[in-house]
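Keeping their order, the protein sequence lines are chains A and B. Start counting the first sequence at 68; every next residue gets the next number (this note's numbering). Start counting the second sequence at 16; every next residue gets the next number (this note's numbering).
Treat the hints as calculated values from the structure; they're not laboratory data. It is possible that part of the hints are untrue.
Label pairs and their calculated CB-CB ranges [said to hold, decoys possible]:
{"hint": "1", "chain 1": "B", "residue 1": "Phe237", "chain 2": "A", "residue 2": "Gly361", "range": "41 to 49 Å"}
{"hint": "2", "chain 1": "B", "residue 1": "Ser158", "chain 2": "A", "residue 2": "Glu302", "range": "15 to 23 Å"}
{"hint": "3", "chain 1": "B", "residue 1": "Leu367", "chain 2": "A", "residue 2": "Asp273", "range": "51 to 59 Å"}
{"hint": "4", "chain 1": "B", "residue 1": "Phe237", "chain 2": "A", "residue 2": "Lys297", "range": "54 to 62 Å"}
{"hint": "5", "chain 1": "A", "residue 1": "His86", "chain 2": "B", "residue 2": "Ile170", "range": "32 to 40 Å"}
Calculated lysine-lysine pairs in the DSS-like style (CA-CA distance at most 30 Å, straight line) [stated by the list, open to error]:
{"hint": "6", "chain 1": "A", "residue 1": "Lys440", "chain 2": "B", "residue 2": "Lys267"}
{"hint": "7", "chain 1": "A", "residue 1": "Lys491", "chain 2": "B", "residue 2": "Lys385"}
{"hint": "8", "chain 1": "A", "residue 1": "Lys89", "chain 2": "A", "residue 2": "Lys376"}
{"hint": "9", "chain 1": "A", "residue 1": "Lys297", "chain 2": "A", "residue 2": "Lys555"}
{"hint": "10", "chain 1": "B", "residue 1": "Lys383", "chain 2": "A", "residue 2": "Lys404"}
{"hint": "11", "chain 1": "A", "residue 1": "Lys89", "chain 2": "B", "residue 2": "Lys215"}
{"hint": "12", "chain 1": "B", "residue 1": "Lys267", "chain 2": "A", "residue 2": "Lys376"}
We treat Cβ as the ideally placed atom computed from N, Cα and C, and that holds for glycine.
Residue strings, one per chain:
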Amino acid sequence: MVSPILELTNINKSFGHVHANKNINLTINKGTIHGIIGENGAGKSTLMSIVFGLYQANSGIIKINGKEINLRSPKDSIINGIGMVHQHFMLVENFTVLENIILGFEGELVFGKNLEKAKKDLKNLCDTYKLNIDLNSTISDLSVGFRQRVEILKSLYRGAEILILDEPTGVLTPQEVDELFKILRSLNEEGKTIVLITHKLIEIMDLTSEVSVMRQGEMVGHTKTEDTNKEQLAEMMVGRTVLLRLDKSEVKTGDVIFKVENLSVKDDLDVTRVKNVNLEIRSGEILGLAGVTGNGQTELLEALSGIRKVESGEIYLDGKKVSDRQNFLDPRELKEKGLAHVPEDRQRMGLVTDFKAYENLIFGYHDQQPFSKSSILNHRDIISHSKKIMEEYDVRPQSPNLVTSNFSGGNQQKIILSRELNEKPKVLLVGQPTRGVDIGAIEFIHQRLIDMRDRGAAILLVSVELDEVLSLSDRIVVMFDGKVVGEKENKNVTDRELGLLMAGVI
Amino acid sequence: MATVDKSKVPWWVSNLIVPLVNLTLALFVSGIFIFIAGENPYEAVRLIIYGSFGYIEGFAYTLYYTTNFIFTGLAFAVAFHCRLFNIGGEGQAYIGGLGVFLVAINFSFLPVPIVWLLSIAGAFAFGAAWAFIPAYLQATRGSHVVITTIMFNFIAASLMVFLLVDVIRDTAQMGPHTVALPKEQWLPNFKDFAALFGIKIRYSPLNISFLLAIAASVFVWFLVWKTRWGYEMRAVGHNTQAAIYAGISPYKNIIIAMCISGGLAGLLAVNEVLGVHHKIVAGFPAGYGFTGIAVALMGRNHPIGIFPAAFLFGILYQGGSEVTFDMPNITRYMFVAVQGVIILFSGALENLFRPQIENFFVNRLNLKAKA
Chain A
68 MVSPILELTN
78 INKSFGHVHA
88 NKNINLTINK
98 GTIHGIIGEN
108 GAGKSTLMSI
118 VFGLYQANSG
128 IIKINGKEIN
138 LRSPKDSIIN
148 GIGMVHQHFM
158 LVENFTVLEN
168 IILGFEGELV
178 FGKNLEKAKK
188 DLKNLCDTYK
198 LNIDLNSTIS
208 DLSVGFRQRV
218 EILKSLYRGA
228 EILILDEPTG
238 VLTPQEVDEL
248 FKILRSLNEE
258 GKTIVLITHK
268 LIEIMDLTSE
278 VSVMRQGEMV
288 GHTKTEDTNK
298 EQLAEMMVGR
308 TVLLRLDKSE
318 VKTGDVIFKV
328 ENLSVKDDLD
338 VTRVKNVNLE
348 IRSGEILGLA
358 GVTGNGQTEL
368 LEALSGIRKV
378 ESGEIYLDGK
388 KVSDRQNFLD
398 PRELKEKGLA
408 HVPEDRQRMG
418 LVTDFKAYEN
428 LIFGYHDQQP
438 FSKSSILNHR
448 DIISHSKKIM
458 EEYDVRPQSP
468 NLVTSNFSGG
478 NQQKIILSRE
488 LNEKPKVLLV
498 GQPTRGVDIG
508 AIEFIHQRLI
518 DMRDRGAAIL
528 LVSVELDEVL
538 SLSDRIVVMF
548 DGKVVGEKEN
558 KNVTDRELGL
568 LMAGVI
Chain B
16 MATVDKSKVP
26 WWVSNLIVPL
36 VNLTLALFVS
46 GIFIFIAGEN
56 PYEAVRLIIY
66 GSFGYIEGFA
76 YTLYYTTNFI
86 FTGLAFAVAF
96 HCRLFNIGGE
106 GQAYIGGLGV
116 FLVAINFSFL
126 PVPIVWLLSI
136 AGAFAFGAAW
146 AFIPAYLQAT
156 RGSHVVITTI
166 MFNFIAASLM
176 VFLLVDVIRD
186 TAQMGPHTVA
196 LPKEQWLPNF
206 KDFAALFGIK
216 IRYSPLNISF
226 LLAIAASVFV
236 WFLVWKTRWG
246 YEMRAVGHNT
256 QAAIYAGISP
266 YKNIIIAMCI
276 SGGLAGLLAV
286 NEVLGVHHKI
296 VAGFPAGYGF
306 TGIAVALMGR
316 NHPIGIFPAA
326 FLFGILYQGG
336 SEVTFDMPNI
346 TRYMFVAVQG
356 VIILFSGALE
366 NLFRPQIENF
376 FVNRLNLKAK
386 A
């Protein structure tokens, strides 16, 4: 007999004019793995943050084991047996695993008896769930996958019966994902209830026994996983049928217009992050760069776009050398030579979020005609240009005078894309073009990139989403630890193969 | 407490009502001070209003103070748009005085209007030069401008005392000041202006620098919002990383913003040296540089806000001196405290009642819309 462990009734939550959760009803049964799926911005994380006590609902009832409770802070949730593993880990990097886990629950002023007991309990937990963690290693020495396990262990130690995981696989290699799923299954076998928030259909199909779908702040469906399929779930998520694969025409590639030779780049801490990388991109070609976050892609993109200094090696654009250790063009000069760059992190780099939309739509091109003439900005032309490209790229709302931070993530991304693509660049560097963007916009963005390629642009696509790399690229290179560890034509490549390369196994 | 939907708040609520409420509260608290000091707060307010508006010379004084606050307020605001906290307005104004004086005295053979223009340029250039050093250190070495500009205030003060005592002192006089500039170079005074219309008034320091302050306000508005320079400065200020991405040099913009800021502070010397004292007097910036920070913050770093904020401080300066004159229990320092309270309520505690006030109006408008 299944009994509900967590029941939500009519949960509402608004942030300003954004109604993030509308009348949400959700029942999670004891001992299940329950998936919550929805596009980015559908309200999944908000809902779970309410359950974890990070946010307070504007209205609604939360029941745990049939008892109505009031969750005012994460502490209340922890007491009630709810644990959460966030997308971004909440760990102190220079503490050991043990120190991180007991943080806030030390229980004594001078470590002694309680600490020993904690050690023993944690060892037992590790053994029971095959977590395989050394309690004395420092967090900064651990890989992302292990850090996530530390988070899981932390929740278990604090007595979690319900474990919520928010997009747990976003930062993992396919192999690490397999490991994680193994752990989650064994937790489930021991009677724990698991809530998995994700926007990846494949994970839902793989792991869960029940699934709930959210769309635009509303709960649009509940079902047993075995009674549904990917296509049906995708349709529920988006509210219409979606093409999961892109139609891509064959294009004859032209000359090599962007070339990187023996490039090495250091980061701000003087660590070499890009090691002897060689790349060639032809016109009419999308080169996909796959890799787990933090393997040098960021530094590579920054060096190629002129933001970061080249340590050694050369970069050629159109057959002419544009950068080496001594001489390099700055981002503006590269733009003039026809190189556009959509940066990985739109809010940190691609936009000034306090600027109005029209100011961001000319960002980096603001010194060119007709936007400015002898240093004076031409307001009228800027506005009419902004209106035009906002319409063309379907940026919503279409108000150039709105401050950029009021746009949703997907629309902010469209602002950047419209700005960079509008100049018809010869070379386009794109980092994570669809991170945090909903499915409808992903389709649109992908189509635009294909159009650019068909028009003869050379595109370097850097993405941690394997699906994206696989569906867009003509050729794929994999980066691991700053080096290019593999290069493949995008024909019959499997994500399995790429995953092994990404993990540095072969 | 529910969050307020920012886009539904009418502009006049956040830009007029909220500051007015804060100001009223500040005055109320100040009233308590005055009451404790043993004077009648109501009477004090009456005196402030009379002193700053009640008679023409008083009003002229108010506008004279306003002029200084506009210059230093604009100076702070320009740097702040590049997220630089230039608290060196005091020193930049002081050195600006040197620029005005040296130009005026050395070019006295030229026609007077040209000397004026050159002196204004001199004030701007010297103020800018004094701000350039901290700017350069910030841009290349990361030495924080808050530290360096405040140190440069002290250096400026010491340097000027040295110059005024040992180098450019009027040797015929005892005080640490220079010789007076030739009379024809003195900026037209409000008294002369009034005389044109047959109105006879006593002396007041108000002069045409007031118009220069208005012009500077227009210049700052244009610079910050209508030019590429202002655009780039704001980009660097809001998001340096993004600016680098867009090919905008933080180095260049930090220096430009600080130099323009220093130059605007330097213009204060046009009012003081060319318009009022007609020579460099030791310590003439008299704290205007620091009060300018409060003026800019209260005016939300926008010329349209800086003007009323500067005017308010002008009223307080002029009305305050009237009060200290008539009320023996109220000292000059009392009014420094009143200024402090105003800065506290409209600066540091600016958002204390904002959500409640905005909520109130949004709810009212919603009700109206429903009805």
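Query raised in the report: If you check the beta carbons of leucine 367(B) and aspartate 273(A), does the distance land in 51 to 59 Å?
Result: holds, 52 Å
Query - Holds or violated: lysine 89(A) to lysine 215(B), with C-alpha atoms at most 30 Å apart - result: violated, 72 Å
Report task. Sort out whether lysine 385(B) lies within 30 Å of lysine 491(A), counting only the CA atoms. Result -> violated, 49 Å
Query raised in the report: If you check the beta carbons of histidine 86(A) and isoleucine 170(B), does the distance land in 32 to 40 Å?
Result: For histidine 86(A) and isoleucine 170(B) the Cβ distance comes to about 57 Å; the hint is violated.
Query raised in the report: Do the alpha carbons of lysine 383(B) and lysine 404(A) lie within 30 Å of each other, as the hint requires?
Result: violated, 56 Å
Query raised in the report: Cβ-Cβ distance between phenylalanine 237(B) and glycine 361(A): within 41 to 49 Å?
Result: The hinted range 41 to 49 Å holds for phenylalanine 237(B) and glycine 361(A), with Cβ atoms some 45 Å apart.
**Report entry** Hint check for glutamate 302(A) and serine 158(B) - Cβ pair distance inside 15 to 23 Å
**Finding:** For serine 158(B) and glutamate 302(A) the Cβ distance comes to about 59 Å; the hint is violated.
**Report entry** Restraint check for lysine 297(A) with lysine 555(A), where alpha carbons must lie at most 30 Å apart
**Finding:** holds, 28 Å
Query raised in the report: Are lysine 267(B) and lysine 376(A) close enough, with their CA atoms no more than 30 Å apart?
Result: Roughly 18 Å separates the two Cα atoms, so the pair holds.
**Report entry** Straight-line alpha-carbon gap lysine 89(A) to lysine 376(A), limit 30 Å
**Finding:** violated, 49 Å
Query raised in the report: Is lysine 440(A) within 30 Å of lysine 267(B), Cα to Cα?
Result: holds, 20 Å
**Report entry** Distance restraint evaluation - phenylalanine 237(B), lysine 297(A), Cβ atoms, bounds 54 to 62 Å
**Finding:** Taking Cβ atoms as reference, phenylalanine 237(B) and lysine 297(A) lie about 57 Å apart, which means the hint holds.
Violated hints, in rising order: 2, 5, 7, 8, 10 and 11; the structure is consistent with all others.
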